[in-house]
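S.K.: As a plain string of letters, each chain reads:
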Amino acid sequence: DTAVSQTPKYLVTQMGNDKSIKCEQNLGHDTMYWYKQDSKKFLKIMFSYNNKELIINETVPNRFSPKSPDKAHLNLHINSLELGDSAVYFCASSSTGTPNYGYTFGSGTRLTVV
Amino acid sequence: DQQVKQNSPSLSVQEGRISILNCDYTNSMFDYFLWYKKYPAEGPTFLISISSIKDKNEDGRFTVFLNKSAKHLSLHIVPSQPGDSAVYFCAASGGAGGSNYKLTFGKGTLLTVNP
Numbered sequence: 001d002t003a004v005s006q007t008p009k010y011l012v013t014q015m016g017n018d019k020s021i022k023c024e025q026n027l028g029h030d031t032m033y034w035y036k037q038d039s040k041k042f043l044k045i046m047f048s049y050n051n052k053e054l055i056i057n058e059t060v061p062n063r064f065s066p067k068s069p070d071k072a073h074l075n076l077h078i079n080s081l082e083l084g085d086s087a088v089y090f091c092a093s094s095s096t097g098t099p100n101y102g103y104t105f106g107s108g109t110r111l112t113v114v
Numbered sequence: 001d002q003q004v005k006q007n008s009p010s011l012s013v014q015e016g017r018i019s020i021l022n023c024d025y026t027n028s029m030f031d032y033f034l035w036y037k038k039y040p041a042e043g044p045t046f047l048i049s050i051s052s053i054k055d056k057n058e059d060g061r062f063t064v065f066l067n068k069s070a071k072h073l074s075l076h077i078v079p080s081q082p083g084d085s086a087v088y089f090c091a092a093s094g095g096a097g098g099s100n101y102k103l104t105f106g107k108g109t110l111l112t113v114n115p
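From first to last, the protein sequence lines are chains S and A. Sequential numbering from 1 applies to the first sequence in the working numbering. Sequential numbering from 1 applies to the second sequence in the working numbering.
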């Protein structure tokens, strides 16, 4: 009964490849996010979507393209992968108007580009 | 430009004692502050939050204190238990331009509670 699930959990791929990470939430939340945790352990926002509309794109290279087919899904497609893309990517969701309840995060996807 | 700072990368305490984790911020427009707990290979888990109009919020063993004039907040865990050993992230939200749609995180503090 996972609230926010992302797949795959681990992804190892070569430079230049294209890959996707999928995220689904069953909490009925209207906002979803992608966060990146880099080697220095900072958790940084990449994108946020509210009711399938892009709200925040935090200066992410356009090789990263999020897609939200409905409010319960937010997928992340990455083109032409680079070594610097290696990180842990977390999907999260929340309800607008309840900032005090925080976000619910998925367990993360560890992407390694070789 | 780190708007949320956790200056202690690690903290070690004895079981049963108080753990105090600190966080400083620079953006006076933040209106909610949150603490998350993270175990290895898992996503962060929401722990407790506080609105900028309050100075204290308590939930069981966890209490968050906010000092707006000092732009400082702290998380107190009493009594500390070995299961509390994890990385604790301070986060903030609010401000203009869609800032309610993102959390800005600190770098985290690794808490180790020794039996």
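Read the hints as simulated data drawn from the structure, not as lab findings. Any given hint could be a false lead.
What the hints assert, rightly or not - Capping the alpha-carbon separation at 35 Å, the derived lysine-lysine pairs in DSBU-like fashion look like this:
#1 A:K107 - S:K22
#2 A:K54 - S:K9
#3 A:K71 - S:K36
#4 A:K5 - A:K71
Claimed, not checked - Away from chain A, derived, C-beta distances all over 10 Å, residues of chain S:
#5 V4
#6 D18
#7 G28
#8 K40
#9 F42
#10 K52
#11 T59
#12 S80
Unchecked claim - These stretches of chain S come out as covered by chain A in the derived footprint (C-beta under 8 Å, 3 or more residues):
#13 43-51
#14 69-78
Remember, predicted model here, so these are calculated numbers, not experimental data. Backbone N, C-alpha and C fix where the C-beta goes; we use that ideal spot for every residue, glycine too.
S.K.: None of the hints should be skipped; say for each whether it holds.
M.R.: We went through each hint and held it up to the structure:
no., hint, verdict
1, A:K107 - S:K22, "26 Å, holds"
2, A:K54 - S:K9, "39 Å, violated"
3, A:K71 - S:K36, "26 Å, holds"
4, A:K5 - A:K71, "11 Å, holds"
5, V4, "7 Å, violated"
6, D18, "25 Å, holds"
7, G28, "16 Å, holds"
8, K40, "7 Å, violated"
9, F42, "6 Å, violated"
10, K52, "13 Å, holds"
11, T59, "12 Å, holds"
12, S80, "26 Å, holds"
13, 43-51, "holds (count 5)"
14, 69-78, "violated (count 0)"
When the structure is compared with the earlier hints, violations turn up for hints 2, 5, 8, 9 and 14 and for no others.
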